[in-house]
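J.: Read off the chains here:
There are 2 protein chains.
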Amino acid sequence: MQIRTRISRLHTACNVQGVQLRHMTGLTNAIENPKAERIRRAADLNSRRGRDKSGKFLIEGPQSVREAVAYRPEVIQDIYVQVASTDGGDPLKAMTPTSRRIVESALEYEGEIYVHPVTAEVMQRLSKDAQGIAAVAGIGAMREAFEPTQELHNVAAFWQVRDPGNAGAVIRAADAAGCDAVIFVDECVEVFNTKVIRSTAGSLFHLPVLHMGTEEFFAWAQQHSISVMAADVYGTADRKPRLLPDVLTDERYLNQSKAVLFGNEARGLEEDVLRRADRIVSIPIYGKAESLNLATSAAVMLISMAMSSHIGRI
Amino acid sequence: MQIRTRISRLHTACNVQGVQLRHMTGLTNAIENPKAERIRRAADLNSRRGRDKSGKFLIEGPQSVREAVAYRPEVIQDIYVQVASTDGGDPLKAMTPTSRRIVESALEYEGEIYVHPVTAEVMQRLSKDAQGIAAVAGIGAMREAFEPTQELHNVAAFWQVRDPGNAGAVIRAADAAGCDAVIFVDECVEVFNTKVIRSTAGSLFHLPVLHMGTEEFFAWAQQHSISVMAADVYGTADRKPRLLPDVLTDERYLNQSKAVLFGNEARGLEEDVLRRADRIVSIPIYGKAESLNLATSAAVMLISMAMSSHIGRI
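Chains A and B are the protein sequences, given in the same order. Residue numbers for the first sequence follow the UniProt record's numbering, beginning at 1 and rising by one. Residue numbers for the second sequence follow the UniProt record's numbering, beginning at 1 and rising by one.
Each hint can be trusted.
Copies of one chain are not kept apart here, so a pair can be met inside one copy or by any two copies together.
Listed below are the simulated DSS-like cross-link pairs for lysine-lysine, each with C-alpha atoms no more than 27 Å apart in a straight line:
| # | residue 1 | residue 2 |
| --- | --- | --- |
| 1 | Lys-195 | Lys-35 |
| 2 | Lys-195 | Lys-128 |
| 3 | Lys-128 | Lys-53 |
| 4 | Lys-195 | Lys-288 |
| 5 | Lys-128 | Lys-93 |
| 6 | Lys-53 | Lys-35 |
| 7 | Lys-35 | Lys-128 |
| 8 | Lys-93 | Lys-35 |
Rather than coming from a laboratory, the hints here were simulated on the basis of the structure.
Turn these sequences into a full structure, and let the hints guide you.
T.: As structure tokens, then:
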């Protein structure tokens with residue numbers, strides 16, 4: 001993983017004076033033309049084709065851009081930030097306070113992250129969901145950043161997750177539960193899909209998100225002595241699921257390295273995948289609801305396991 | 001609550017013969033005109049204005065219509081079901097198997113629920129999200145059905161929930177957790193909003209959903225000796241939240257009648273509301289995620305409390 005030196009800058013002091021700040025902080029001139037080549041190319045990152053062609057992806061909105069700058073600055077190439085006016089005054093003063101704080105952090109990486117003020121019209125062309133700020137980052141650099149730097153003990157795995165909103169929500173849930181990593185298993189939605197990134201609410205930049213085939217996943221788990229726990233309501237003909245509260249009170253389980261594996265949002269886990277899991281667990285339903293959706297199931301299971309693990313038992 | 005007699009019918013036997021079935025099961029003729037008056041009026045129920053004017057609401061999709069027929073048949077007036085052809089053959093055979101099972105249940109209420117076969121074009125006019133089946137039901141009858149028939153001990157309350165998808169998801173989570181009722185407090189999204197209903201995945205028909213003002217809610221809780229537990233990350237200046245695992249292991253709490261109160265999706269709970277709660281509880285975040293969204297928080301908190309209550313402790 002590329003390690004960068006934070007360049008200590010005097011931009012706060014510069015702010016006070018507000019003179020020639022644009023020059024001093026490395027902000028480029030505002031882009032006013034929504035048809036500018038670099039805007040067209042950045043907007044193209046909303047499509048798979050655009051990402052594959054350029055090897056870049058788009059990060060939208062203050063929360064995601066802030067977390068990317070804080071945790072993975074080395075992946076960011078450009079930040080586009082909406083300014084109220086382009087009349088040559090201090091661009092930092094023409095941003096929302098939220099955008100300004102993010103830009104001030106990003107300016108610590110001058111020469112590595114380029115900050116481009118843009119008009120509202122240009123921002124609209126770039127992304128409909130940016131709320132004033134978006135960033136372009138490198139897919140290769142992000143894959144490097146995803147390389148785990150330590151042994152994994154507590155993993156959330158998702159088999160054939162296909163919906164971008166779900167994929168983002170489960171990454172966010174795994175992050176909240178303190179998982180070491182997320183593994184997308186078999187054919188899943190592309191993690192650099194703009195909607196996936198938006199739905200992670202910044203969590204994409206907090207933990208490694210890996211991709212493995214089904215064989216590779218089970219081989220990896222065996223090699224690292226990681227117990228695979230399949231989350232499934234039905235189980236197999238021979239093996240019914242254990243209920244989550246039973247698992248949460250089982251001390252043998254709590255001290256073990258584990259991967260909780262969730263199935264596809266519509267079809268769950270295939271019989272063959274269930275058979276290969278070390279155990280099967282389901283969330284009890286106390287009312288008349290038929291089921292919970294994937295993102296909710298993942299949050300309930302991962303966070304209740306985390307609560308149990310952290311305090312010995314809930 | 002209006003009690004209905006299930007009219008035992010021989011429609012299964014009729015199916016076998018398939019002769020004059022349409023007549024015998026009370027199915028009306030297929031509607032082919034998307035501009036038909038009753039279709040226009042049903043489609044109008046997608047808007048607040050249309051619902052207010054007619055006192056009816058729309059239920060879309062097999063899951064919701066099935067649960068409505070199973071648990072609240074007395075509120076349903078009409079069912080619209082898409083058929084493949086309208087050539088005068090047996091309409092039950094021209095439906096998807098899923099629709100057909102629902103229609104067969106509904107036909108037990110002949111003379112009370114009217115089933116209208118419609119063409120694909122008509123269904124599309126009625127609703128974009130019906131997946132072949134939709135129903136029209138009475139708001140007044142539903143409000144009657146929402147009257148609790150027993151003392152409430154385990155309630156999920158939501159203050160100023162505004163997003164229809166969230167409102168539906170929290171009703172579903174409360175149902176899964178076995179709550180006795182949901183209370184929407186203060187100004188919330190209208191529960192008969194079509195997207196709210198769709199997002200409950202049928203749970204709207206499983207438990208009472210009440211509406212109260214803020215004053216009324218706290219007065220009701222006090223009158224019924226119900227402890228109000230506010231779900232909030234920050235708490236007030238004088239009172240920090242207790243962490244959920246501490247609450248889950250507190251036996252005094254487990255045996256108490258309680259309402260868990262969640263705040264608005266963007267702003268949480270107001271200071272004044274927090275002060276009036278008996279306690280404040282927050283979900284621990286073990287990773288770097290900043291927060292969980294409302295629907296996820298509600299599911300994690302309500303279901304982990306239910307697991308603790310049902311087994312004494314998790």
